[in-house]
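Take the given structure of chain R and dock chains W, L and X to it, following the hints.
So the sequences go chain by chain: R, W, L and X.
Residue 12 is where the first sequence starts when you use our numbering, and the numbers rise one by one after that.
Residue 12 is where the second sequence starts when you use our numbering, and the numbers rise one by one after that.
Residue 12 is where the third sequence starts when you use our numbering, and the numbers rise one by one after that.
Residue 12 is where the fourth sequence starts when you use our numbering, and the numbers rise one by one after that.
Just so you know, these hints were derived from the structure itself, not from any lab.
Do not take every clue at face value.
Copies of the same chain look alike in the list, so a pair counts if it works inside one copy or between any two.
Calculated pairs, SDA-like style, for lysine to any residue (alpha carbon to alpha carbon, straight line, at most 25 angstroms) [claimed, not checked]:
| hint | residue 1 | residue 2 |
| --- | --- | --- |
| 1 | Lys83 | Arg34 |
| 2 | Lys83 | Arg36 |
| 3 | Lys83 | Glu125 |
| 4 | Lys83 | Gln147 |
| 5 | Lys83 | Phe150 |
| 6 | Lys83 | Glu38 |
| 7 | Lys83 | Thr98 |
| 8 | Lys83 | Asp72 |
| 9 | Lys83 | Pro148 |
| 10 | Lys83 | Leu43 |
| 11 | Lys83 | Pro96 |
| 12 | Lys83 | Ala25 |
| 13 | Lys83 | Asp153 |
| 14 | Lys83 | Pro24 |
| 15 | Lys83 | Ser15 |
| 16 | Lys83 | Pro42 |
| 17 | Lys83 | Gln97 |
| 18 | Lys83 | Phe37 |
| 19 | Lys83 | Gly124 |
| 20 | Lys83 | Tyr95 |
| 21 | Lys83 | Ser30 |
| 22 | Lys83 | Cys155 |
| 23 | Lys83 | Val133 |
| 24 | Lys83 | Thr94 |
| 25 | Lys83 | Ala122 |
| 26 | Lys83 | Ala123 |
| 27 | Lys83 | Ile45 |
4 protein chains.
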Amino acid sequence: MKRSYFPSRPGDPAPLAASIERRVRFEELDPLGIVWHGRYASYFEDAREALGRAYGLTYLDFHRHGLTAPIKRFEVDYARPLTYPQTVRIDCRLHYAEAARLNYEFRISTAAGEPATTGATVHLLLDAARELVVVQPPFLADFCRRWREGRLP
Amino acid sequence: MKRSYFPSRPGDPAPLAASIERRVRFEELDPLGIVWHGRYASYFEDAREALGRAYGLTYLDFHRHGLTAPIKRFEVDYARPLTYPQTVRIDCRLHYAEAARLNYEFRISTAAGEPATTGATVHLLLDAARELVVVQPPFLADFCRRWREGRLP
Amino acid sequence: MKRSYFPSRPGDPAPLAASIERRVRFEELDPLGIVWHGRYASYFEDAREALGRAYGLTYLDFHRHGLTAPIKRFEVDYARPLTYPQTVRIDCRLHYAEAARLNYEFRISTAAGEPATTGATVHLLLDAARELVVVQPPFLADFCRRWREGRLP
Amino acid sequence: MKRSYFPSRPGDPAPLAASIERRVRFEELDPLGIVWHGRYASYFEDAREALGRAYGLTYLDFHRHGLTAPIKRFEVDYARPLTYPQTVRIDCRLHYAEAARLNYEFRISTAAGEPATTGATVHLLLDAARELVVVQPPFLADFCRRWREGRLP
Numbered sequence: 012m013k014r015s016y017f018p019s020r021p022g023d024p025a026p027l028a029a030s031i032e033r034r035v036r037f038e039e040l041d042p043l044g045i046v047w048h049g050r051y052a053s054y055f056e057d058a059r060e061a062l063g064r065a066y067g068l069t070y071l072d073f074h075r076h077g078l079t080a081p082i083k084r085f086e087v088d089y090a091r092p093l094t095y096p097q098t099v100r101i102d103c104r105l106h107y108a109e110a111a112r113l114n115y116e117f118r119i120s121t122a123a124g125e126p127a128t129t130g131a132t133v134h135l136l137l138d139a140a141r142e143l144v145v146v147q148p149p150f151l152a153d154f155c156r157r158w159r160e161g162r163l164p
Numbered sequence: 012m013k014r015s016y017f018p019s020r021p022g023d024p025a026p027l028a029a030s031i032e033r034r035v036r037f038e039e040l041d042p043l044g045i046v047w048h049g050r051y052a053s054y055f056e057d058a059r060e061a062l063g064r065a066y067g068l069t070y071l072d073f074h075r076h077g078l079t080a081p082i083k084r085f086e087v088d089y090a091r092p093l094t095y096p097q098t099v100r101i102d103c104r105l106h107y108a109e110a111a112r113l114n115y116e117f118r119i120s121t122a123a124g125e126p127a128t129t130g131a132t133v134h135l136l137l138d139a140a141r142e143l144v145v146v147q148p149p150f151l152a153d154f155c156r157r158w159r160e161g162r163l164p
Numbered sequence: 012m013k014r015s016y017f018p019s020r021p022g023d024p025a026p027l028a029a030s031i032e033r034r035v036r037f038e039e040l041d042p043l044g045i046v047w048h049g050r051y052a053s054y055f056e057d058a059r060e061a062l063g064r065a066y067g068l069t070y071l072d073f074h075r076h077g078l079t080a081p082i083k084r085f086e087v088d089y090a091r092p093l094t095y096p097q098t099v100r101i102d103c104r105l106h107y108a109e110a111a112r113l114n115y116e117f118r119i120s121t122a123a124g125e126p127a128t129t130g131a132t133v134h135l136l137l138d139a140a141r142e143l144v145v146v147q148p149p150f151l152a153d154f155c156r157r158w159r160e161g162r163l164p
Numbered sequence: 012m013k014r015s016y017f018p019s020r021p022g023d024p025a026p027l028a029a030s031i032e033r034r035v036r037f038e039e040l041d042p043l044g045i046v047w048h049g050r051y052a053s054y055f056e057d058a059r060e061a062l063g064r065a066y067g068l069t070y071l072d073f074h075r076h077g078l079t080a081p082i083k084r085f086e087v088d089y090a091r092p093l094t095y096p097q098t099v100r101i102d103c104r105l106h107y108a109e110a111a112r113l114n115y116e117f118r119i120s121t122a123a124g125e126p127a128t129t130g131a132t133v134h135l136l137l138d139a140a141r142e143l144v145v146v147q148p149p150f151l152a153d154f155c156r157r158w159r160e161g162r163l164p
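So here's chain R without its partners, still in its complex pose:
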């Protein structure tokens, strides 16, 4: 299993983390009886949204600040296929960064606790005119300050 998609720098605060469980659906399986590779974006997004709800970083939070956070890069490494029926655990970690981007890392584990999948999404920020935001906007800069200071919920 891949160790980390984002190198951490000394002094960075620890990643923010959230975990969810998700039941594998019959409809997600392909004729080989495993979850089709293209469905993992949904698995990752469920965990990313859970993290967003915990810390105030959902689609709607960005929207309230006139921002969107579209995905610039998406990658998945498949170690073990997901089968049905089972409930998997999805861990999401947001890595600290001072740039105007968001680096999320994902890990899916089977019901038996075996690592199954890892992956990452990198998000840019666009303003209300859909122009690229090149320095952290106040909303995110403030968020990172509280993160460094250990004042996030």
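Structure of chains W, L and X alone, referenced to chain R:
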């Protein structure tokens, strides 16, 4: 196979029709090796959009007139499963109506020409405030007049 | 809202019922900001699977008896659109029948308790050779006997 | 735009290539009016399947040799969002390799010819017992020999 989802009245002009071909995708199959029942909405929409492009009734055409045409009712009758690989034919017919609604009927045939699926969608109209439109708006009334008069493209 | 998709006969035992909650996903929305109509098959299947797990009628239970239960008919009536973010409730009821088919009915309610969607699926039974099963197979006949006798879990 | 996901070695034969066109669907859009990032696996697979049909490397070709080619790694880099309505072009290239794996590269261009998306999939081979195949099986070794000798169709 079901004959018709919408009774026609004497004097109504003939339905508008369009046909497309679509290749069954591996990702659409379930573990039984047949297209999962929930994917047919996409098959129908492809044909409905083709009809919309031919006659000026796409999502964007409605949008230009401040309207949306959300689906009120959706039904599918499955006679033969769709397997892979094959290319199917999807026929769509829009039935004439003087109400502020759109009645589409669908028929999927296998590569061998056998009827596989029929279905229907019924659409209402909402205005820009997302209120129900109860009489045909000018855009649709004009469309229906040209339809009756045989002046559609 | 449609009252019932399946007429009940006097003397039939009450339908079996199950309910789940499901969070509307960002990815399920269309550009109008509402859940695209084609995604409801997944909502219904989640509830039908929950009922299946409660009573022993999942895909795998049928498979163990050499049967599959493909969908013959699928219908949805949309009363209110589903928006994001919210968690909806999905109720599923299996209606008693002595034929070799399964009649499921669905009802989706918004977080505020308002009825949003109703629908139904009708399933046939196929045997291991994928031939239509015309009388209730022992597995289902026994299930229905216990249902009539009030001996289901 | 990323130049190449797979380094080529001197002497390797040129990649195999195929291109398709695909119409962006309304249902693929998210509330921001762009194709949701998780739908690109389907875009890539359409082009990979077209290449497979041209050269005899589809799911069914592998199946006939007792093999499956599950995806080990999937990555996408998004440069420009895809909007609706438009028809995009998807280019797929299979890179030569002497290992028991398949390295595909993808490029999506807008109707206006602008590069929109790049990506890659890496596939392993499993045998009929779903064990990892570590050296090229005869089917693939023979394929690569004909590739080197310029004898592919």
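Structure versus earlier hints, numbers of those that do not hold, lowest first: none
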